[in-house]
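For the sequence shown, this note's numbering assigns the number 373 to the initial residue and increments by one for each residue that follows.
Read the hints as simulated data drawn from the structure, not as lab findings.
Since the structure is predicted, the reported quantities are computational estimates derived from the model, not experimental observations.
Cβ coordinates follow ideal geometry from the N, Cα and C atoms, glycine included.
There's no promise every hint is true.
Said to hold, decoys possible - Okay, the calculated beta carbon distance ranges per label pair: (1) L440 with T382: 34 to 40 Å; (2) S451 with E393: 24 to 30 Å; (3) L482 with E421: 21 to 27 Å.
To be verified - As a list, the in silico SDA-like pairs of lysine to any residue whose alpha-carbon atoms are at most 25 Å apart: (4) K486 with G475; (5) K384 with H397; (6) K374 with L399; (7) K449 with E436.
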Amino acid sequence: HKPLSQFLETTKLMTPEQRAEHLQHALDMASANDEVAEEGESRVLDREEHVNLHFVCFVNSNDEVYELDGRQPHPIKHSSATGNDLLRNTKNVIQKLIQSVSGDIRFSMLALTKADRS
Numbered sequence: 373h374k375p376l377s378q379f380l381e382t383t384k385l386m387t388p389e390q391r392a393e394h395l396q397h398a399l400d401m402a403s404a405n406d407e408v409a410e411e412g413e414s415r416v417l418d419r420e421e422h423v424n425l426h427f428v429c430f431v432n433s434n435d436e437v438y439e440l441d442g443r444q445p446h447p448i449k450h451s452s453a454t455g456n457d458l459l460r461n462t463k464n465v466i467q468k469l470i471q472s473v474s475g476d477i478r479f480s481m482l483a484l485t486k487a488d489r490s
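From just these sequences and the hints, can you work out the full model?
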C-alpha cells in the first residue's frame with residue numbers, strides 16, 4: 373500500500389483535476405495496480421451464481437440504448453436514443469433499476485467522456 377499512501381500524501385492539497393493529472397503520470401501506482409491485478413485472488417464465478425454487486429454499462433449504438441451486463445448472455449436493448457445525450461437516454465432505465473431494489477443505497481455512477489480541450 374506504500375504507493376497509494378505516498379500518492380495520497382503528495383496530492384492531499386491538490387484539486388481533483390491536479391490529482392488526476394498526477395495519477396496519469398504515477399508509474400509506481402501503475403506498477404502496483406499491475407502487480408495486484410496479476411495476483412489472481414478473485415474466483416471466477418459460474419454464470420448461474422447470483423451476484424448482488426456488479427457493474428453494468430450503458431451505451432448509445434446505432435441510435436439505440438443498450439445495457440451491457442456481464443451477468444446476461446447478450447446486450448439488452450432498452451430504447452431508441454435521442455441524440456448523443458446518454459444520461460437523458462438512460463435516466464428512466466437507471467431509475468427503474470434503483471427502484472427495483474427498494475431501499476438499497478449501494479449504487480455508484482461513473483461517466484467516461486471525451487475531454488473538453490477548449
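Hint check:
no., hint, verdict
1, L440 with T382: 34 to 40 Å, "holds, 36 Å"
2, S451 with E393: 24 to 30 Å, "violated, 37 Å"
3, L482 with E421: 21 to 27 Å, "holds, 25 Å"
4, K486 with G475, "violated, 33 Å"
5, K384 with H397, "holds, 16 Å"
6, K374 with L399, "holds, 13 Å"
7, K449 with E436, "holds, 7 Å"
Violated hints, listed in ascending order, are 2, 4; each of the other numbered hints is respected by the structure.
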